[in-house]
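Trainee: Given next are the chains, with one letter for each unit.
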Amino acid sequence: MTDLRARVLRTLRNPKLVNSIGLGLVALVGVWLVVNFIKGPQEFVNVALDGLTRGSIYGVVALGYTLVYGILQLINFAHGDVFSLSGLVASTILLSVFGLTADSSNLVVIGGIVLTLAITVPLFAVVNATIERVAYRPLRHAPRLTPLITAVGMSFIVSNISLALYGVDYESGSDLIPQGAAFSIGEINVTWKLIVALALIVPALVVLSWFVTYTRQGKAMRAVSQDTEASAMMGINVNRTISVTFFIAGSLAAVAGLVFLLEYNIRYDTGFELGLIAFTAAVLGGIGNLAGAVLGALVIGFVQSFNEGLTWHAPGGDWTRSIVFGILIAVLVFRPEGILGERTPEGA
Amino acid sequence: MSDTVDRVRARLGDNANVWLVPAVILLGILYPFVEEGLQNLPLIGDFMPTTGTLVVMIAFTMMAVGLNIVVGYCGLLDLGYVAFYAVGAYTAGWLASQHFEQVTFHFGSSVDNGLVGIHVTMWVVLIVAGLLTMLAGIVIGLPTLRLRGDYLAIVTLGFGEIIPQVVRNGDSFGGFNLTNGTFGIAPIDPVGFPVLSAIGFFPENFQTSDNRERWYYMIAFLLLLFTIFCSVRLRDSRLGRAWIAIREDETAAAAMGVPLMRTKTWSYALGAFFGGIAGAYYASFKSGAFPADFYFNVSVFLLCMVILGGMGSIWGVTVGGMILAYLNFSGLSTIGSKIQDAGIDFDPTKYQFGIYGIIIVLMMLFRPAGLIPERRHKIELEEGVHDTPFYDVQTEGALTDRNPADD
Numbered sequence: 001m002t003d004l005r006a007r008v009l010r011t012l013r014n015p016k017l018v019n020s021i022g023l024g025l026v027a028l029v030g031v032w033l034v035v036n037f038i039k040g041p042q043e044f045v046n047v048a049l050d051g052l053t054r055g056s057i058y059g060v061v062a063l064g065y066t067l068v069y070g071i072l073q074l075i076n077f078a079h080g081d082v083f084s085l086s087g088l089v090a091s092t093i094l095l096s097v098f099g100l101t102a103d104s105s106n107l108v109v110i111g112g113i114v115l116t117l118a119i120t121v122p123l124f125a126v127v128n129a130t131i132e133r134v135a136y137r138p139l140r141h142a143p144r145l146t147p148l149i150t151a152v153g154m155s156f157i158v159s160n161i162s163l164a165l166y167g168v169d170y171e172s173g174s175d176l177i178p179q180g181a182a183f184s185i186g187e188i189n190v191t192w193k194l195i196v197a198l199a200l201i202v203p204a205l206v207v208l209s210w211f212v213t214y215t216r217q218g219k220a221m222r223a224v225s226q227d228t229e230a231s232a233m234m235g236i237n238v239n240r241t242i243s244v245t246f247f248i249a250g251s252l253a254a255v256a257g258l259v260f261l262l263e264y265n266i267r268y269d270t271g272f273e274l275g276l277i278a279f280t281a282a283v284l285g286g287i288g289n290l291a292g293a294v295l296g297a298l299v300i301g302f303v304q305s306f307n308e309g310l311t312w313h314a315p316g317g318d319w320t321r322s323i324v325f326g327i328l329i330a331v332l333v334f335r336p337e338g339i340l341g342e343r344t345p346e347g348a
Numbered sequence: 001m002s003d004t005v006d007r008v009r010a011r012l013g014d015n016a017n018v019w020l021v022p023a024v025i026l027l028g029i030l031y032p033f034v035e036e037g038l039q040n041l042p043l044i045g046d047f048m049p050t051t052g053t054l055v056v057m058i059a060f061t062m063m064a065v066g067l068n069i070v071v072g073y074c075g076l077l078d079l080g081y082v083a084f085y086a087v088g089a090y091t092a093g094w095l096a097s098q099h100f101e102q103v104t105f106h107f108g109s110s111v112d113n114g115l116v117g118i119h120v121t122m123w124v125v126l127i128v129a130g131l132l133t134m135l136a137g138i139v140i141g142l143p144t145l146r147l148r149g150d151y152l153a154i155v156t157l158g159f160g161e162i163i164p165q166v167v168r169n170g171d172s173f174g175g176f177n178l179t180n181g182t183f184g185i186a187p188i189d190p191v192g193f194p195v196l197s198a199i200g201f202f203p204e205n206f207q208t209s210d211n212r213e214r215w216y217y218m219i220a221f222l223l224l225l226f227t228i229f230c231s232v233r234l235r236d237s238r239l240g241r242a243w244i245a246i247r248e249d250e251t252a253a254a255a256m257g258v259p260l261m262r263t264k265t266w267s268y269a270l271g272a273f274f275g276g277i278a279g280a281y282y283a284s285f286k287s288g289a290f291p292a293d294f295y296f297n298v299s300v301f302l303l304c305m306v307i308l309g310g311m312g313s314i315w316g317v318t319v320g321g322m323i324l325a326y327l328n329f330s331g332l333s334t335i336g337s338k339i340q341d342a343g344i345d346f347d348p349t350k351y352q353f354g355i356y357g358i359i360i361v362l363m364m365l366f367r368p369a370g371l372i373p374e375r376r377h378k379i380e381l382e383e384g385v386h387d388t389p390f391y392d393v394q395t396e397g398a399l400t401d402r403n404p405a406d407d
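So the protein lines, in turn, are chains S and G. FYI, in this note's numbering the residues of the first sequence are 1 to 348. FYI, in this note's numbering the residues of the second sequence are 1 to 407.
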């Protein structure tokens with residue numbers, strides 16, 4: 001009996017078996033995608049482009065999670081709510097203060113978007129850094145559970161601030177950008193949505209990667225995330241570096257908030273679900289890894305769009321949440337270090 | 001006598017007043033009989049909860065005490081406890097309602113024998129719900145408990161989101177209606193005493209008895225006492241000490257021969273058990289299981305009870321649970337109406353989760369051990385566990401007061 005049990009356990013823990021189950025799952029998904037592609041290639045590509053739009057937004061939010069996790073090993077649950085608050089504030093500025101409507105000329109809209117970013121990006125950078133200063137910094141030496149629980153609490157506080165300021169109604173700026181396709185190749189439509197999203201997000205990513213790779217502060221960030229004590233000994237101001245990280249995460253959230261506002265609609269609790277999706281993306285890519293977060297987000301964006309847009313045996317929008325979390329659980333079971341992460345001795 | 005008192009005192013902890021517990025139990029039993037008198041009191045009368053509200057409060061407190069086993073004893077952050085509540089409630093829905101109209105099966109049920117569907121007496125349903133939920137806990141726990149603490153939190157959160165969605169979409173699994181979708185399962189059979197009712201006094205069916213709330217309250221109260229009793233006994237058992245060892249230092253516990261996976265899975269399973277019972281009982285009380293009841297906020301609400309009371313402290317969690325459940329189900333709206341009467345347009349029920357968020361953050365910042373701290377957990381928080389770094393990054397490079405020679 002004990003012998004049998006030991007044997008079963010050993011088989012179950014065999015990494016080869018675990019790996020082949022994981023690969024089998026991936027292969028199944030692959031087959032499903034190929035069949036869908038053959039059944040309707042144009043539809044498939046259009047759905048994929050929609051996935052690219054979503055995925056790029058998720059990517060910006062996921063970067064916020066991964067940056068903070070990389071440096072503090074903290075899941076900043078409040079990040080998603082900062083994102084939705086920033087989108088709501090952007091809606092006030094764009095639609096009420098600047099008074100942009102669907103009739104405004106393109107140049108005015110572009111100017112309005114740039115000006116809004118000039119306000120919300122610094123504002124939410126400061127908001128995010130303040131959250132860190134007030135809620136997380138005093139707990140840096142507490143047991144690990146403590147800041148995590150605090151982050152959950154902060155998430156509720158921020159989303160209730162949104163609720164108090166904006167109520168339960170959805171805000172949307174999707175009138176401001178042209179509907180439909182910018183241009184078509186055959187039956188494949190490249191929508192304005194996609195172009196606007198990429199036009200705002202790609203520069204943000206370029207600036208971020210320049211900052212992290214080449215500036216002194218960016219190098220300090222990488223050093224602290226690798227080894228906090230060692231970098232403190234090398235004279236890096238750890239607290240300032242952590243603040244800068246939250247600053248950057250907050251500004252990314254503000255960019256994502258504006259893009260989301262322009263493409264979809266947003267309300268006080270949008271950030272909760274989107275934050276979970278983005279966190280899943282960060283884990284999928286390998287948490288702490290910046291390129292991984294973007295890659296993971298694109299994968300999740302595709303998954304969501306394929307699930308909701310394809311016709312052959314797609315579970316449909318009712319199941320999106322389950323599928324995204326199913327992926328999260330599968331990743332943590334089969335490959336806890338994520339797609340691009342490195343396997344660490346203690347596992348994930 | 002004094003011997004017994006000493007034993008009880010040893011069991012309860014140094015600071016506990018031995019007479020406090022019997023006194024609270026007595027008050028608890030008496031409450032429904034003096035409820036009306038209390039509600040007629042000037043000033044505070046409006047704030048007195050009804051017996052029906054108390055049943056709900058107790059159901060949620062039971063879940064909090066169950067969650068405390070996972071979070072408080074074993075130190076595993078579970079953000080998806082609502083899944084266990086859902087499993088419990090739906091078990092009651094499957095085994096004691098007209099949902100499965102394909103069959104007619106009665107086993108000691110307190111409803112009319114002609115009704116279609118499975119109708120098992122709620123007493124059996126409570127046990128089955130507990131066991132099924134335990135199974136769900138093991139299934140969720142096995143793949144995830146290997147993960148580090150914060151990953152575990154997010155995976156449990158994932159399960160807490162998946163299960164309600166499965167429930168919501170479960171009206172057609174290959175054509176089979178498992179959960180009746182968004183409409184939920186209702187009505188669920190009431191609790192009753194099908195055999196004892198022959199004696200008289202005990203009603204066969206709480207629903208149709210003269211004082212439904214009072215009966216539900218008494219049984220809920222007993223269930224809560226049972227949960228607390230089990231919780232105390234578990235804490236002092238070999239298993240409970242293993243949980244606390246894992247919470248304090250996983251590596252050291254493993255080195256001392258504590259089997260990590262098995263011990264953690266047990267904490268998950270036993271924590272889930274009470275959530276399942278409470279879920280099934282509450283479903284019977286409100287006579288339905290609806291998918292809209294099972295959302296992430298409930299998990300956070302329960303977690304907030306545990307934190308407010310003090311992680312690992314049974315009495316703390318019970319008090320914290322009763323306070324928050326009271327606020328949620330009756331107190332906040334009473335306060336709200338008082339504020340409205342005073343002419344201020346502010347509705348605190350709208351911001352209930354913001355209020356819980358503030359409670360969580362303030363407690364974590366200023367009183368992390370909770371209202372009624374557990375002695376041991378307090379020491380952990382004050383003196384730190386032994387994986388604190390040598391260098392204190394907060395003061396940039398200053399040595400902490402930990403002396404490596406003491407380790």
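No lab work stands behind these hints: they were computed from the structure. It is possible that part of the hints are untrue.
[As the list claims (entries may be wrong)] Ranges between beta-carbon positions, derived for each pair:
| # | chain 1 | residue 1 | chain 2 | residue 2 | range |
| --- | --- | --- | --- | --- | --- |
| 1 | S | Glu273 | G | Trp123 | 37 to 43 Å |
| 2 | G | Phe176 | S | Val29 | 24 to 30 Å |
| 3 | S | Leu165 | G | Arg241 | 45 to 51 Å |
| 4 | G | Phe201 | S | Arg10 | 42 to 48 Å |
| 5 | G | Met261 | S | Asn19 | 17 to 23 Å |
| 6 | S | Leu165 | G | Asp46 | 50 to 56 Å |
| 7 | G | Asn113 | S | Glu43 | 51 to 57 Å |
| 8 | S | Val31 | G | Phe176 | 25 to 31 Å |
| 9 | S | Leu33 | G | Ile339 | 51 to 57 Å |
| 10 | S | Phe211 | G | Arg241 | 45 to 51 Å |
| 11 | G | Leu30 | S | Leu165 | 35 to 41 Å |
| 12 | S | Leu33 | G | Ala292 | 32 to 38 Å |
| 13 | G | Ser197 | S | Arg10 | 53 to 59 Å |
[To be verified] Non-contacting residues of chain G with respect to chain S, defined by C-beta distances greater than 12 Å in every case (computed):
| # | residue |
| --- | --- |
| 14 | Pro42 |
| 15 | Arg168 |
| 16 | Gly175 |
| 17 | Glu213 |
| 18 | Phe221 |
| 19 | Gly288 |
| 20 | Ile307 |
| 21 | Leu327 |
| 22 | Phe353 |
| 23 | Gly354 |
| 24 | Leu365 |
This structure is a prediction, so every number in the text was calculated from the model and none was measured. Even for Gly, the Cβ is constructed at its ideal location relative to N, Cα and C.
Trainee: If a hint holds in the structure, say so; if it does not, say that too.
Mentor: Status of the hints after comparison with the structure:
At roughly 39 Å, the beta carbons of S/Glu273 and G/Trp123 sit within the given window of 37 to 43 Å. Between G/Phe176 and S/Val29 the beta carbon distance is about 25 Å. The supplied range of 24 to 30 Å therefore holds. The hint said 45 to 51 Å for the Cβ distance between S/Leu165 and G/Arg241, and at roughly 49 Å that hint holds. Hint check: G/Phe201 to S/Arg10, Cβ distance near 59 Å, so the stated range 42 to 48 Å is violated.
A hinted range of 17 to 23 Å for the beta carbons of G/Met261 and S/Asn19 is consistent with their spacing of about 20 Å. Separation of S/Leu165 from G/Asp46 is about 31 Å and departs from the stated range, judged on CB atoms against 50 to 56 Å. In this structure the supplied range 51 to 57 Å holds for G/Asn113 paired with S/Glu43, their Cβ-Cβ distance being about 56 Å. At about 26 Å, the CB distance of S/Val31 to G/Phe176 agrees with the hint of 25 to 31 Å.
Hint check: S/Leu33 to G/Ile339, Cβ distance near 56 Å, so the stated range 51 to 57 Å holds. Here the CB-CB span from S/Phe211 to G/Arg241 is close to 50 Å, well matched to the stated 45 to 51 Å. A C-beta distance of roughly 46 Å is found between G/Leu30 and S/Leu165, which places it outside the suggested range of 35 to 41 Å. A C-beta distance of roughly 34 Å is found between S/Leu33 and G/Ala292, which places it inside the suggested range of 32 to 38 Å.
Between G/Ser197 and S/Arg10 the beta carbon distance is about 55 Å. The supplied range of 53 to 59 Å therefore holds. With a closest Cβ-Cβ approach of about 33 Å to chain S, G/Pro42 is found to remain outside the 12 Å limit, as its non-interface label requires. At roughly 7 Å, the least C-beta separation between G/Arg168 and chain S is not larger than 12 Å, which violates its mark as non-interface. Remark: the non-interface label on G/Gly175 is consistent with the geometry, its nearest Cβ contact in chain S lying 16 Å away (cut-off 12 Å).
Remark: the non-interface label on G/Glu213 is consistent with the geometry, its nearest Cβ contact in chain S lying 32 Å away (cut-off 12 Å). Every beta carbon of chain S lies more than 12 Å from that of G/Phe221, the smallest distance being close to 30 Å; the non-interface claim holds. Distance to chain S confirms G/Gly288 as a non-interface residue, since its nearest Cβ pair spans about 22 Å, more than 12 Å. Non-interface status of G/Ile307 relative to chain S is broken: a Cβ of that chain comes within 12 Å, the nearest being about 6 Å off.
Interface exclusion of G/Leu327 from chain S stands, the closest Cβ pair being 15 Å apart, more than 12 Å. Annotated as non-interface, G/Phe353 brings its C-beta within 12 Å of a C-beta of chain S; the closest such distance is 5 Å. With a minimum CB-CB distance of about 3 Å to chain S, G/Gly354 fails to clear the 12 Å threshold, and the non-interface call is violated. Listed as a non-interface residue, G/Leu365 fails to keep its Cβ farther than 12 Å from every Cβ of chain S; the least gap is roughly 6 Å.
Hint compliance for this structure: hints 4, 6, 11, 15, 20, 22, 23 and 24 are broken, all remaining hints hold.
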